[in-house]
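Could you build all of it, start to finish, from the sequences and the hints given here?
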Amino acid sequence: MSTAASPATDETPRPPAPAPSPGRWAPLRPLVLRLHFYAGLLVAPFLLVAAVTGLLYAGSFQAEKFVYDHELTVPAGDRELALSAQVAAARKAHPEGTVSAIRPAPEPGTTTRVLLSGVKGVAPDHTLAVFVDPATGKVRGALEQYGSTGALPLRTWIDELHRDLHLGDTGRLYSELAASWLWVIAGGGLVLWFSRRRALRKVRGTSGRRRTLGLHGTVGVWTAAGFLFLSATGLTWSTYAGANIDELRTSLGQATPSVSAAAAGGEHAGHGTAAGTGGDAGHGAGLDKVLAAAWAEGLGDPVEIVPPADANSAYVVRQVQRSWPEKQDSVAVDPATGKVTDELRFADYPVLAKLTRWGIDLHTGVLFGIANQIALALLALALILLVVWGYRMWWQRGRGSAFGRPVPRGAWAQVPPYLLVPALAVIAVLGYFVPLLGIPLAGFIAVDIVLGEIAHRRGRRTYGARPA
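Those letters in the sequence shown? Residues 1 to 468, per the numbering used here, in order.
Hints in this document: simulated from the structure, not taken from any laboratory.
Note that beta-carbon positions come from the ideal geometry of N, C-alpha and C, so glycine has one too.
Worth double-checking, as some hints may not be accurate.
[Unchecked claim] For each label pair, taking beta carbons as the anchor points, the in silico distance ranges come out as:
# : residue 1 : residue 2 : range
1 : Phe444    : Gly147    : 20 to 26 Å
2 : Gly141    : Arg392    : 36 to 42 Å
3 : Arg392    : Ser148    : 52 to 58 Å
4 : His166    : Phe433    : 24 to 30 Å
[Unchecked claim] Straight-line distance between alpha carbons at most 20 Å, and here's what the computed SDA-like set of lysine to any residue pairs gives:
#  : residue 1 : residue 2
5  : Lys289    : His70
6  : Lys65     : Lys120
7  : Lys65     : Pro302
8  : Lys65     : Leu367
9  : Lys339    : Leu299
10 : Lys65     : Ser323
11 : Lys138    : Phe61
In C-alpha cells:
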C-alpha cells in the first residue's frame, strides 16, 4: 500500500516579514506630540474658560426671550400706528439722548425698538432701546442694548464675559489666545489620533490612562471640525489677528462694502430733517415714506432705519436678519425727496465678505437659530470634557502619585531638514499674522531648547564625574 510523502522537516525557515517602513511624516509625530502636550497643558485653562462662558452664551438667547418677554412681546393688534408716531411716543417717554436707529416691529405681537445714543449712564458703544407697542404707542420699557444682534442686558453681560471677562481690551487677549491655539491643538490631536488609530480603536474594556486617552481621542476626532471652525471665525474679530485679517481682506478687495449715505439733493439735502432726530413726520420725507421707499426696493422685515448723520446725509435702511436665509440688503433714501439714492445687495458682496458674515453668525449662534445654539452648547461641553480628560491623562502619566512627566525632548532633532525648514517657514508666517500664536510658540521653543541644553550639560558633567 502506498503512502503519501510526508513534508520535509528540514526546510529552511522563511525570514520574518520586514517591518513596515514609517511614512515620510513619521518624524513629525514626536514634535506634534510634544507641541500638543505643552500647548494643551498651558493653554487649556484659557480654553476651559472660553468653553464655560461659551456654553452660557449659547443658552442666553432663550433666556433673554424669557427674562424680557414683557418688553419684547405685545398682544397682536389689528392696525399699527405710523412709525413716526411710535418714535414720537418713545421720545415723549425718553427725551434724553438722540435717536440713532429705529427697528420697526418685525412681525405681529412684537415691539418696535427706538435706539437712543448719548444717554447718560449707558456705555458709549451701547444704546438705550425703548420698546413701543406698535398698535397703541404705549412704551413697554427701556433696556440697554449692544451689537447688531440687539443683545439685551443679560445676553450682553454673558457675551462680554465670554469675549473679555469684563476686563476690557486687556481681557480680550484671553479669548484671542484661546482662538489662536484651539486649531493647533485640535489639528495636532487629529494627527496623533490617526497615526495610532488602530491601537486606540477599542475603548470599551480598557481602564486607566488608556481608557482616558481613548475617550479623549474619540471625542476630539468627532468635534475637531467644529473646533477648527470656532478658532477660525473667532480670530476674524479678535484684536490683533482680526486686524491682520481685515487688512488682508482689504488688500484683496474682499472687505465688507457699505451703502453710500450721501444725499442726492446737494445743498438742499439738509432741508428734509434734522440729523439724528429720527425724522419727525411733516419734515421732508419722514420716517414712514422712507420705510415705504425701502419696502418698494424689496427690503422686507426685519429692518433698521438709521437717521441722517448730518444735513448732507441720507437715511440708511438695512435688513438685519442674521438667520438663514440672511437678509442683509441696504438702501440709502434722500430725506428731502424720499427717493432711493443708493442700494447694496448682499448678493453683490465679495466672496470673503459673505463667508465672514456667515461664519460670525454661525459662531454667535444666530444663523440657524436654536439648532445652531444647541450645536454650540454641545461643542462647549465637548471642549470642557477634553480639557478635563487631558489633565487626567497628565495625572495618570505619573501613576497617580504626582503630575505626569512631560513628553521627552529631542523632537526637533528627529525631524529631517526637508520637513523642518518648511514647517518653520509656515510657523513664522502664522506667527506674524496670528501674534498670540507666534509669540507663545516662540517662547515654548526657546524654553524647550534652554531646558534641553541644561539637561544635556548636567548629564555630561555626571558622566564625566563617574569613576573609571
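- Item | Violations among the numbered hints, reported as their numbers in ascending order | 1, 2, 3, 5, 6, 11
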